[in-house]
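Trainee: Here's the letter readout for the chains.
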Amino acid sequence: MLEIRNLKASVDGNPILQGIDLSVQAGEVHAIMGPNGSGKSTLAQVLAGHQAYEVDGASRVSFLGDDLLELPAEERARAGLFLAFQYPVEIAGITNASFLQAALNETRKSRGLEELDSFDFREVLEEKMKLVEMKADFADRFVNYGFSGGEKKRNEILQLAVLEPRLAILDETDSGLDIDALRIVANGVNKLRSPNRSFIVVTHYQRLLDYIVPDYVHILYKGRIVKSGTKDLALELEEKGYDWIREETAAAL
Amino acid sequence: MANAIAETNKSHYLASLKQLGADGLPAWAEAIRREGEARFRAAPMPHPKLEEWRQTNVSDIVNTAYTSLVTPTTHNITPDAADGHFLGDGSWTELVFVDGYYAPGLSRTRALPDGVRVAGLGEAIAAGDAVAKEHLGTVLGKRGAFPALNSAFLQDGIFIHVPANTVLKTPVHVLFLTTARPADTVSHIRNLVVLGESAEATVTMTYAALSDTTPYLNNVVDEVVLGPNGHLQWHKIVREGAEGKHLATTEIIQARDSRLESFTAALTGKVSRNQLCVRLVEEGASCSLTGLYINNDTRLIDNALDITHAAPHCSSRIAYKGVLDGRSKTVFTGKVNVARDAQQTDSDQLSNNLLLSDTATIDAKPQLEIYADDVKCTHGATVGAPPEEIIFYFRSRGIGEEAARAMLTFGFAEAVVAEIEETALRDSLTRHLEAVFRVGGHST
Ligand SMILES: Nc1ncnc2c1ncn2[C@@H]1O[C@H](COP(=O)(O)OP(=O)(O)OP(=O)(O)O)[C@@H](O)[C@H]1O
Ligand SMILES: [Mg+2]
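First to last, the protein sequences are chains Z and W.
Using the working numbering, the letters of the first sequence correspond one by one to residues 1 to 253.
Using the working numbering, the letters of the second sequence correspond one by one to residues 1001 to 1444.
Because the hints were derived from the structure by calculation, they are not lab data.
Keep in mind that this is a model prediction, so the values were computed, not measured.
Glycine included, every Cβ here is placed at the ideal spot set by N, Cα and C.
There may be inaccurate statements among the hints.
[Stated by the list, open to error] 25 Å max Cα-Cα, derived DMTMM-like pairs, lysine to aspartate or glutamate: (1) Z:K109 x W:D1427; (2) Z:K135 x W:E1421; (3) Z:K8 x W:E1389; (4) Z:K135 x W:D1427.
[Unchecked claim] Sample of chain Z residues facing chain W (criterion: CB under 8 Å; computed from the structure): (5) A48; (6) G49; (7) H50; (8) A73; (9) E74; (10) A77; (11) Q86; (12) V89; (13) G93; (14) I94; (15) A102; (16) A103; (17) E106; (18) Q159; (19) L163.
Same shape as in the complex, but just chain W:
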């Protein structure tokens, strides 16, 4: 039965592709759509029988015939409303997308170093941007039905290019706002970030909603290319609406000696699936993937990490932490593949979970596939309540058990946030945690 609905919906998506019409995309971009369509046809829809989706039940998504947005929605968002989500002090470039489409009128563009491009991907494609043309569609692997569907609906998203030897000193913030748009619509958001040799940048992607009652889906694909010796700080903050669902695949390819620091926060939203695939394809590349997830009610959060060590002397580190409450369902997968040639690989992973309710569930598993023999790979996962000895310490200072638990939960999450280098983002997340866990702010 479920399969029949999935198949019907698949035909529905394929049929709705026609709505894109002949929108004048250059042939190379049109080819990405065609390939996406072909892959979508061939790929099974997510289903519990598929290993990747065994623990992650997205039947709600699969069984809904979402209407794909193919033109910008009409909205009356004022610049003030967008400003409320900005992070920077005014000096940052902060681009706003509304329901998946670049909204220049709401964005803050600031002078950038020579050669740096921060723009709507749709514009970049139309302008025949050579860098976009070179990389778009080349990073994403075969990641199943929804990423393929994203390619088939290729239209807009953010495009960032930092050329060789260029340092972007001020962070770039990209804000994807979802409006109270018609129910059961899906935005296919496609982002491309390219850093040249020895380029450096800090990029923060925020997904936020203006409505907590609108059911919608954001189907996101990020393609990221990190050139030799490049350095990227990549932050992704998921603050979707209470009825919003977020399915995302981020695929990152790292050249020789490049460094990636990724931080993913899944804070709100009915479903938040963040697949993060990193391929270390040349020697000396390193990635550090950290994450925080706050799960409660009947929400679903899935962090599916997939690191490929394809070259020797690379290192990868995974450290994800989450707070699990209510009847929420959480999945964490730390897949690490070490190819035969990837000697001297150094890889470790940790998943620490604070379990606040008996009815919340977590499936946390490392998945190591190691074909090289000279490697150092470690993993660990913990799931538990705050230790009684710590609760007693609070009580011995006059703080009752309930307040102690609230403070400890806050602290558990805050300890992750405290590691973020970027001050404005760190402060914004701390404020979010203070509000969620009702812990009083302090003066710093």
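The shape of chain Z in the complex, shown without the other chains:
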């Protein structure tokens, strides 16, 4: 599904991602952990196609057979890539329903499917809103506008549910959620898991991985994946903290 080879990216000449290799197969869930500033969001944003990052010419990323780095952001999304933002933006004046209807129809158009009219789209939306236990009036509220932190995160998962991507990257969707909200978000994600849908879950907290159980856990440190393992790695990390990784990495250099 996703093959990342030697991905390097920088901002204003400052290297951030320093050579990342990662393979994600269909249906797998990969967790990425790592201290603040290690490059987790950068990886997510680079994959989603953010223009602020200069990607090294030797980097290769293939997604479902496409050369991902060649595609503009909107085409990546239409091809089935989804990013749940760490900090979702607020969009005054545009309702959740009209935003998502436009988004879904862009993807449908690109696949040669007929666009959904407002009426049919409503049905889809209402069903998906139940999945993330969102109150009906959120459909007609402006996108993330005046939402609480938890509501914004839940709204990202709603978008995921409506757009039905092949690969979803969740950037700290669990941060700042209380336990009830976390359960709702995790339940939503688990219901969306399927043999042909993969997830990359960026998190600081092992707690999330009790709910969304990953197949692999990777540790990103200073722009590199320095350790990979199973979910036990997350437990080990929780117990020992990052100093252990820092020391190991320092010793290896």
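Fit chain W with the ligands to the known structure of chain Z by using the hints.
Mentor: Structure of chain W with the ligands alone, referenced to chain Z:
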């Protein structure tokens, strides 16, 4: 050169006043005309050297010898054509004016509470209406040449009077239609709205045109009196024709504890200048002035707000937003004068502008004159393009940049419209924005 033309045109207007003839206006109304004429003679025509017109170039208007309409135009507007502009569900009183004159045959009058008057001002003057007589001409200050000219040509417009302790539950809509009348004609439209003590009303004034090719001018003056503890929701929607020009002065005087919520939308028209002057003359009065302007092509939009805090414990709020495209020119002035006695004044103002083109220009300035020492006055203005982070958010959802910008522009304006309490007006404006920014409608 320009001055010479302006002076010639001034003489032209003064000469054309004679066409009003002896039309039997009562002496008190005739006196308003005479005073208007005298003020017009004394006032300079708008000119870039005058502070008020420094950024607002209306030389097109000043240099045109408009023919003042002094009798109703002949037209063949059918009630159906007028209905298309109505807002209400049938229960509203919706009065139609054609080229500045009341058109009863096109209007919808509905039963109103006892004592409420909604009528043509010309009729009210002729009938010697005591309220019209008491207030007409008393609210308008010295606002320069065109408002004075409006007084000099005093004839018709809307007259609304809601007596004390009376609540108008259904909104009143006044529709000023401009027909494909002879080119370069001007209507001098004069409106008077009076709310008594604890009276409440919602009034919407729409200016629309039946032709996008006729060059014309509407020279409007509104006088509004808000009695003690009165509450007025005042909406003004400018949808003039593509060649239509709109010069308006709205002057509002607010008594103790009265509340004004004003919303002004400048949507279409070659020139739209909306001067809005509010005087808070007694304690506890408050006004909230919001606005939306959509500017493009080579159009000119000027919102000149002028609030006077003359008494303590009053509050005023200004929040205007605009979308600026093409080679359009936009002016926004938020003048707030706080008199020495107006302690505990609370005043804030914001002007947010979405700039879509490098060739559109905006001059947005607050102008605070504060003579009291215990006040809270804030102001702010922003001019910018939609933030890249928001565009990226759209793109990450599969929506391309162009569509994203269109949706964001729509959203910027829609966020203003969403604040309007009156549902029918809100929906009508949303539909307008959807059409202008080509954003698909949604099911709600
Ligand atoms: N657009 C940008 N401009 C400048 N610097 C950036 C930009 N994006 C990321 N960085 C820098 O790159 C480094 C990695 O940031 P990134 O946000 O990817 O970290 P992170 O692992 O997601 O951290 P956190 O756990 O705090 O979310 C940081 O030093 C950050 O300041
Ligand atoms: Mg991050």
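Trainee: A closest beta-carbon separation below 8 Å is what the hint needs, so does Z:E74 meet it against chain W?
Mentor: holds, 4 Å
Trainee: Using the nearest Cβ pair, does Z:A48 come within less than 8 Å of chain W?
Mentor: OK, holds: Z:A48 within 8 Å of chain W, min 5 Å.
Trainee: Per the CB criterion, is Z:Q159 less than 8 Å away from chain W?
Mentor: Nearest chain W Cβ about 7 Å off; hint holds.
Trainee: Just to be careful: measuring from the Cβ of Z:V89 to every Cβ in chain W, is the smallest value less than 8 Å?
Mentor: Check passed: Cβ of Z:V89 comes within 5 Å of chain W, closer than 8 Å.
Trainee: Hold the hint about Z:E106 up to the distance rule: shortest CB distance to chain W must be less than 8 Å.
Mentor: holds, 4 Å
Trainee: Once the shortest beta carbon distance from Z:A77 to chain W is found, is it less than 8 Å?
Mentor: holds, 4 Å
Trainee: Holds or violated: the hint that Z:L163 contacts chain W, with Cβ atoms closer than 8 Å.
Mentor: Where the cut-off is 8 Å and the nearest Cβ of chain W is about 7 Å from Z:L163, the hint holds.
Trainee: Are the Cα positions of Z:K8 and W:E1389 separated by 25 Å at most?
Mentor: OK: Z:K8 and W:E1389 at ~22 Å, within 25 Å.
Trainee: Holds or violated: is there a CB of chain W closer than 8 Å to the CB of Z:A102?
Mentor: holds, 6 Å
Trainee: If you take the shortest Cβ to Cβ gap from Z:H50 to chain W, is it below 8 Å?
Mentor: Since the shortest Cβ distance to chain W is 6 Å, the answer is holds.
Trainee: Are Z:K109 and W:D1427 close enough, with their CA atoms no more than 25 Å apart?
Mentor: Judged against 25 Å, a Cα distance of about 29 Å means the pair is violated.
Trainee: May I ask you to test the interface hint for Z:G49 with respect to chain W, counting a Cβ-Cβ separation under 8 Å as satisfied?
Mentor: Since chain W brings a Cβ to about 7 Å from Z:G49, closer than 8 Å, the hint holds.
Checked against the numbered hints above, the structure breaks hints 1, 11 and satisfies the rest.
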